[in-house]
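*Asks:* Each chain, letter by letter, is given below.
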Amino acid sequence: MDFNDSPEEAAFRTEVRDWLTANAPEKVDTKKLSEPELLKLAKAWQAKKAEARFTCMTWPEALGGRGATPIQNVIYNQEESKFDVPRGFFDIGLGMCVPTVMAFANDETKQRFVAPAVRGEEIWCQLFSEPSAGSDVAGLRTRAVQDGDDWVINGQKVWTSGAHYCDFGILLVRTNPDVPKHKGLTMFWIDMKAPGVEVRPIHQMSGGSNFNEVYFTDLRVKDSQRLGAVGDGWKVALVTLMNERLAVGGSTGPNYPEIMELARSTVTETGSALANDAFREKLADWYVQAEGLKLTRFRTMTALSRGQTPGPESSIGKIISANQLQDLSNAAVELEDQFGIITDTAIAPLEAAFQQSLMWAPGLRIAGGTDEILKNIIAERVLGLPGDVRVDKDVAFKDMPTGR
Amino acid sequence: MDFNDSPEEAAFRTEVRDWLTANAPEKVDTKKLSEPELLKLAKAWQAKKAEARFTCMTWPEALGGRGATPIQNVIYNQEESKFDVPRGFFDIGLGMCVPTVMAFANDETKQRFVAPAVRGEEIWCQLFSEPSAGSDVAGLRTRAVQDGDDWVINGQKVWTSGAHYCDFGILLVRTNPDVPKHKGLTMFWIDMKAPGVEVRPIHQMSGGSNFNEVYFTDLRVKDSQRLGAVGDGWKVALVTLMNERLAVGGSTGPNYPEIMELARSTVTETGSALANDAFREKLADWYVQAEGLKLTRFRTMTALSRGQTPGPESSIGKIISANQLQDLSNAAVELEDQFGIITDTAIAPLEAAFQQSLMWAPGLRIAGGTDEILKNIIAERVLGLPGDVRVDKDVAFKDMPTGR
Amino acid sequence: MNFDYSDDQKFLKNEARKFLDAHCTAAHVRKVLDNAEVSHDVALWQGVGEQGWLGAAIPEEFGGLGLGRVELCAIAEELGRACAPIPFASTVYFLAEAIMLAGSDAQKAKWLPKIAAGEVIGAYATSEGPGTVNPQTLQANVSGGKLSGTKIPVTDGDIADLAVVLANENGKPGLFLVELAGAGVTRETLKTLDPTRSVAKITFSGAAAERLGDAGEGFALTEAVFDRAAVLIAFEQLGGADRCLEMAKDYAMDRYAFGRTIAGYQAIKHKLADIYVKNELARSNAYYGAWALNVGAAELPIAASAARVASSDAFWFASKENVQTHGGMGFTWAVDCHLYYRRSRQLALVAGAPKTWKERLVRQLERRNAA
Amino acid sequence: MNFDYSDDQKFLKNEARKFLDAHCTAAHVRKVLDNAEVSHDVALWQGVGEQGWLGAAIPEEFGGLGLGRVELCAIAEELGRACAPIPFASTVYFLAEAIMLAGSDAQKAKWLPKIAAGEVIGAYATSEGPGTVNPQTLQANVSGGKLSGTKIPVTDGDIADLAVVLANENGKPGLFLVELAGAGVTRETLKTLDPTRSVAKITFSGAAAERLGDAGEGFALTEAVFDRAAVLIAFEQLGGADRCLEMAKDYAMDRYAFGRTIAGYQAIKHKLADIYVKNELARSNAYYGAWALNVGAAELPIAASAARVASSDAFWFASKENVQTHGGMGFTWAVDCHLYYRRSRQLALVAGAPKTWKERLVRQLERRNAA
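Protein chains in written order, with numbering that gives the first Met the number 0: chain A, 0 to 403; chain E, 0 to 403; chain Z, 0 to 370; chain U, 0 to 370.
Next comes chain A alone, as it looks inside the complex (with noise of 0.2 Å):
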């Protein structure tokens, strides 16, 4: 056990380093700017990144990328992490549409659109949780009918993240509803600018608006933006979601150190707050749990390294990080007193990174797999524990009871 690269490895972080010194964009204080100011520096980061063939990196040369290993391009994330360049934008569209479509899609299609994501050029997006429809993907609604060569689509999808800046997206749609709810789905690709595509951001209970709800009046899309067969859309979307956990992450917020500030800087009637046994306690709690993921990071990029894929077990990452800073941001807030509850930037501790992340924790246990359903994926997928009961197997879409 060692924390170590390879020769090799040692030798392309160098590479890395040293081109990302000579090409890094300037720092600049990311929170000022505007998300359209953002979104025009990320995209031509990404073209620099492409033409040295930093993005994509494991894919092959043939389609921009490098054929890297897994670990180098966790060695060239670990190298960019270092410093401040704009991140996230291309994430979802280049780590799950874009495959997708690599996939599925005819030559001709993939001609047209694999270049210009891998330069940032166009944004994807992946429209498959509906309002009625989040866990259970496939209980969707939204339809789509033939109508000679082309489909005719109506109905809403929700949670779709960047959707208001996204050029084309995966959509996810029922074809059929008098087969069982699995069976009747069909992909495709969309113009996110056609008409009939509507955006309305999702104003969340934090304020920000990070996710939309797309809505799709008599949309129509060619045949030839069908991905997969017709009645094979969830096999498609299986392919999408498989990368899902490889290409949501980072970082969520103040942790143990931050806290740990905080209390010291804290004056309680008898000293720093930081020599409260009971906040020791809990801190140390903290840092076991955080530190343990990040090790438990380390332990993937391991057997990354020697070939092996890792498995559902990242799933405890989020179920972890997303109760802990549910936990300490309210410890916090506590730790300020009648003075937590203060909001304002300007005033509160840390600019109010503790009440921040309290009021967005919530939907970190949420977005992206519940802790309910992250646990579900553990006891099934990794322990083998059977699935639930499952009523809904063969019982045509239109004959399934439903709620809201």
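Simulated from the structure, these hints should not be mistaken for lab results. Certain hints may be false.
Claimed, not checked - Computed cross-link-like contacts, DSBU-like style, restricted to lysine-lysine with a CA-CA straight-line distance of at most 35 Å:
id, chain 1, residue 1, chain 2, residue 2
1, U, 30, E, 31
2, Z, 9, E, 293
3, A, 31, Z, 200
4, A, 81, Z, 190
5, A, 31, Z, 190
6, A, 392, E, 182
7, U, 17, A, 293
8, A, 26, Z, 190
9, U, 30, E, 30
10, Z, 30, A, 30
11, E, 30, U, 190
12, E, 81, U, 190
13, A, 30, Z, 190
14, A, 30, Z, 200
15, Z, 12, E, 293
16, A, 392, E, 397
17, Z, 113, Z, 9
18, E, 392, A, 397
19, E, 30, U, 200
20, E, 31, U, 200
21, U, 9, A, 293
22, U, 190, E, 31
23, A, 31, Z, 30
24, A, 293, U, 12
25, U, 190, E, 39
26, E, 392, A, 182
As the list claims (entries may be wrong) - Pairwise CB distance ranges, derived in the manner of DEER restraints:
id, chain 1, residue 1, chain 2, residue 2, range
27, E, 200, U, 213, 52 to 60 Å
28, E, 148, A, 386, 47 to 55 Å
29, E, 182, A, 398, 26 to 34 Å
30, U, 17, E, 350, 38 to 46 Å
31, A, 389, U, 133, 53 to 61 Å
32, E, 65, A, 386, 50 to 58 Å
33, U, 213, A, 29, 49 to 57 Å
34, Z, 333, A, 108, 35 to 43 Å
35, E, 380, A, 270, 45 to 53 Å
36, E, 392, A, 114, 54 to 62 Å
37, Z, 25, A, 190, 36 to 44 Å
38, A, 386, E, 268, 50 to 58 Å
Where is the CB? At the ideal position from N, CA and C, for every residue including glycine.
Add chains E, Z and U to chain A, keeping to what the hints say.
*Replies:* Just chains E, Z and U, lined up with the frame of chain A:
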């Protein structure tokens, strides 16, 4: 909201207290007595109570009771708890078994059994659980086959409290394996001393043996010992089980005052362990739970005194108390640090009470309904949420999948 | 033995619920939430005054209804359930209780009738920065009847007419009544976790201040007032926690996944059972607090601490698991879950964080043992 | 980047498992559990010696195999999984590590070969009563090379040949090597929560004692030894926790209720998922500890603390929820759940309770921040 008796209640309390003062047996150190010695004392005390009609108080006078209100019963128990009298031997028999006999037996049987049970001369046990039928009692396998006017019984029961000193029992058996499981059961009363009944104590992980296995080998019972119709055993059992929550209860082990005392007397580098903030926060939580439970019982009593029936919400008691006992016992053991491993009653603090309760608590989380079953009960019977998907409703018992 | 509301109290509680069902819907709450300029629901505040709730526990001689504190607890439970966006706690649990506890006859005669009549909004100002204010850190100072210093945050401080302020005078901590419309008072409304309640920073520079209670007793009196407020707030928390359980249940029953209502999955069933258990433990502790408050029992400090700890825990758990049960919908602004998530934080902080009360509870246990 | 066992280490671990599957079944463990006269499994102890495990981490010059500490961690993981009833930890993690850390050349030359050869059983004696021994409470005293005082509990103290004892000398705490067969040593076997491990009270009255390490360094050296032992014990805990998860899963898959295997109910599925998550966090922290121990990293105190906290928590949770998953059967003496429930308590206490390590962890974080 107040804690005072009504004038009638106060008068009754005085009557009870006077009687107890005049009649309660002298204090003996019950820890020093063997079970047979304790049983002898308990029977004598029960006889004296029965004579004064302070047992089965809410039963009609004709059956040995005094037609008391439930709150009078509570008052008696509160007052009796201040005296060191032998307890526990009759709770299951008089609380669950004899009421079942009273509800389903013929007059002759009632005539024969009720009075001796009330006087403590004969003790009853309940024979429902089986190795393969715990939470799912109706999955039991003990078979009764009709043979002329007799039934011949073979099989095994488990977790039978007091089987080794009981005279009679109520026994739930399968009389028809060809119908769904709830429909093929029948209830009998049996003589525990009859040939074909063998009682073996269960060695618990805590060291003691509070429960038994009971084996039946060609046990013959008369059809007149049947309680309820053939095939109606489940309905009869529900009457027994409905009384369970009221019959089972009592103290569980050391609680917040004891661990507070332990902490006070434990010296750390910085003074008494009671000064440790982390311990203090936990102590506050234990206090709030323990007092919350005590006060919840007061709310139940209030409902009783208003003529309402306390519902399954009393299930919350054991979920909280069992888990708290495990948690608190473990904290106490860890408070002693390395020394906590010692179980010698002559050496360990509080005569090793915490070590003992640590080994007993896992049983408390299981006996009389596991944490999981109790949460189901709260969810379904209190909150009205749907039952689990049931795959066993319409399947003949003999065709049901089984494990060990 | 009577450990529940009486029939009369249940009637009062039921009437309160009817009134609030009509006058304090989620739409009313959201009018305050969504509009930074709106500090509270003025119509509701007026209505609550007309119902007599502001003076429910104020003696009749001072214009109140002279009911017991248990009646006030019943009203509080309904206000919490409705997430009422009004300065009720600041005015009734803090200001009125402080005056009834420590006020001179003249102070009572001057202020209690106005509170009962809805003519005065109150505030209670102790905090001066992050962490719990204590004798070592207290900066606010009164000299020659003039108060100087900064209090932050002060709940309802921007709309209050009269504040109780903790400050030193001649080196000793005391409580002071300060009319906020007077000279030497600057107020700034603050953004907070719960925009349905108004919060301010108040800067005093020579504001006229009149002592409430004895000199040197500022912290002791504050503890005594907070004991009273803690019990009443515990009922608001309980009402909120019960409402969260209802919302979660209703949503789960009506939401289908994999062909079944999600209310039938054990993960949801046991989550709701966990909420129920916490709520019932909180209810029992709150009832004990109500009794102690009502009869002025010596057990009040311990009962209030237990009530506050249990109810804060229950409301926090219920409010966060209500969001979780709602899934993605629960995380939207449009669905009401976050109103209770926010309020649970507001109520947990306004009378001092639960951990402070755990310490207070244990100190009382030590005191009881020593006695 | 290589954050896992190497192939060679995996091979060693697998061989260890095979050996223990044959020589340390539950029946072997129960022979010690059920017989108060049997202190440990003598045949297993001999076998373990023949495998070379006792000297795995002892340098070849002293008769050991000279492997790294990671190899010893791999063995520890398997011993924990098998709930081995032998004085391995006392002898290898405590005694041998203490001598390797602080021993003079002569002490190393005298004792390490005997340990590696299985000729010496060790013990480490610090505790003198309930609570953590500390400089203020330490009573044992050495004067003129003679030790007097009482140590309780001492794991394997009744069967050990050589003990490391924490005691004062000239008012300064030091470590001392004491041969327990010598004069002035009285030993009494104690009943404990885990009868598969032997524990004694030892009374010293003028027993010959030889200092180990520098004078005055008794507590500092004990911390350093405990850091090493904590990492190794963390692997035993991890092995035990993994075994509990397996047992719970196997039982749940094979147990039917209401016509279905109970492994299909979410309450059980999520419980086992919770165990899995805790075990994986513990594994990652333990690996980090193994790395720090192996390379003698400056991070060892923090890594050891984190490993001990995480593994203690994981094993406790896994062992208690394994009982719970087994239902009534889990509460019987006949089913093996309680072996691990007991062992989880033994391992959590033997190197000092987890809360002590949480404090140590935070102290290290403060030190790191200050640097």
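*Asks:* Each hint needs a verdict: does it hold in this structure or not?
*Replies:* Evaluated hints:
Simply put, residue 30 of chain U and residue 31 of chain E have alpha-carbon atoms about 30 Å apart, close enough for the 35 Å limit, and the pair holds. Of the pairs offered as hints, the one joining residue 9 of chain Z and residue 293 of chain E holds, with about 23 Å between alpha carbons and a cut-off of 35 Å not exceeded. Straight-line distance between C-alpha atoms of residue 31 of chain A and residue 200 of chain Z comes to about 27 Å, which keeps the hinted pair within the 35 Å bound. Proposed proximity of residue 81 of chain A and residue 190 of chain Z is supported: the alpha carbons are some 34 Å apart, at most 35 Å.
For the hint pairing residue 31 of chain A with residue 190 of chain Z, the CA-to-CA distance comes to about 20 Å; that is within 35 Å, so the pair holds. Restraint check for residue 392 of chain A and residue 182 of chain E: satisfied, since their Cα atoms lie roughly 29 Å apart, inside the 35 Å limit. In summary, the hint linking residue 17 of chain U to residue 293 of chain A is supported, as the alpha carbons are separated by about 32 Å, within the 35 Å threshold. Taking the CA atoms of residue 26 of chain A and residue 190 of chain Z, the gap is about 30 Å. The hint holds against a cut of 35 Å.
Taken as a hint, the residue 30 of chain U and residue 30 of chain E pair is honoured in the structure, with Cα atoms around 30 Å apart against an allowance of 35 Å. Among the hinted pairs, residue 30 of chain Z with residue 30 of chain A is consistent with the structure: their alpha-carbon atoms are about 30 Å apart, no more than 35 Å. For the suggested pair residue 30 of chain E and residue 190 of chain U, the alpha carbons sit about 19 Å apart, so the restraint of at most 35 Å is met. For the hint linking residue 81 of chain E to residue 190 of chain U, the alpha-carbon distance of about 34 Å falls within 35 Å, and the restraint holds.
Taken as a hint, the residue 30 of chain A and residue 190 of chain Z pair is honoured in the structure, with Cα atoms around 19 Å apart against an allowance of 35 Å. In summary, the hint linking residue 30 of chain A to residue 200 of chain Z is supported, as the alpha carbons are separated by about 27 Å, within the 35 Å threshold. Simply put, residue 12 of chain Z and residue 293 of chain E have alpha-carbon atoms about 25 Å apart, close enough for the 35 Å limit, and the pair holds. Our distance criterion of 35 Å between C-alpha atoms is met by residue 392 of chain A and residue 397 of chain E, whose separation comes to about 27 Å.
With a CA separation close to 28 Å, the supplied pair residue 113 of chain Z and residue 9 of chain Z stays within the 35 Å bound. Among the hinted pairs, residue 392 of chain E with residue 397 of chain A is consistent with the structure: their alpha-carbon atoms are about 27 Å apart, no more than 35 Å. Proposed proximity of residue 30 of chain E and residue 200 of chain U is supported: the alpha carbons are some 27 Å apart, at most 35 Å. Distance hint between residue 31 of chain E and residue 200 of chain U is fulfilled; the C-alpha atoms sit about 27 Å from each other, no more than 35 Å.
Between residue 9 of chain U and residue 293 of chain A the CA atoms are separated by roughly 23 Å; this keeps the pair inside 35 Å, and the hint holds. Distance restraint check for residue 190 of chain U and residue 31 of chain E: the Cα-Cα separation of roughly 20 Å lies within the 35 Å cut-off, and the hinted pair is therefore satisfied. Of the supplied pair hints, the one linking residue 31 of chain A and residue 30 of chain Z holds, its CA atoms being roughly 30 Å apart against a limit of 35 Å. Between residue 293 of chain A and residue 12 of chain U the alpha-carbon distance is near 25 Å, which keeps this suggested pair within the 35 Å criterion.
With a C-alpha separation of about 32 Å, the suggested pairing of residue 190 of chain U with residue 39 of chain E holds against the 35 Å cut-off. Simply put, residue 392 of chain E and residue 182 of chain A have alpha-carbon atoms about 29 Å apart, close enough for the 35 Å limit, and the pair holds. Evaluation of the 52 to 60 Å hint for residue 200 of chain E and residue 213 of chain U yields a pass: the beta carbon distance comes to about 57 Å. Between residue 148 of chain E and residue 386 of chain A the beta carbons are some 50 Å apart, a value that agrees with the proposed interval 47 to 55 Å.
Hint check: residue 182 of chain E to residue 398 of chain A, Cβ distance near 30 Å, so the stated range 26 to 34 Å holds. Evaluation of the 38 to 46 Å hint for residue 17 of chain U and residue 350 of chain E yields a pass: the beta carbon distance comes to about 45 Å. In this structure the hint that residue 389 of chain A and residue 133 of chain U lie 53 to 61 Å apart at CB holds, the actual value being about 59 Å. A beta carbon spacing of about 57 Å between residue 65 of chain E and residue 386 of chain A agrees with the range 50 to 58 Å that was offered as a hint.
The supplied range of 49 to 57 Å is met by residue 213 of chain U and residue 29 of chain A, whose beta-carbon atoms lie about 54 Å from each other. Taking the beta carbon of each, residue 333 of chain Z and residue 108 of chain A are about 37 Å apart, inside 35 to 43 Å as hinted. In this structure, residue 380 of chain E and residue 270 of chain A meet the distance hint of 45 to 53 Å, their C-beta atoms being roughly 51 Å apart. For residue 392 of chain E and residue 114 of chain A, the hinted distance range of 54 to 62 Å is satisfied, since their beta carbons lie about 59 Å from each other.
Separation of residue 25 of chain Z from residue 190 of chain A is about 39 Å and conforms to the stated range, judged on CB atoms against 36 to 44 Å. Separated by about 53 Å at the C-beta atoms, residue 386 of chain A and residue 268 of chain E satisfy the suggested range of 50 to 58 Å.
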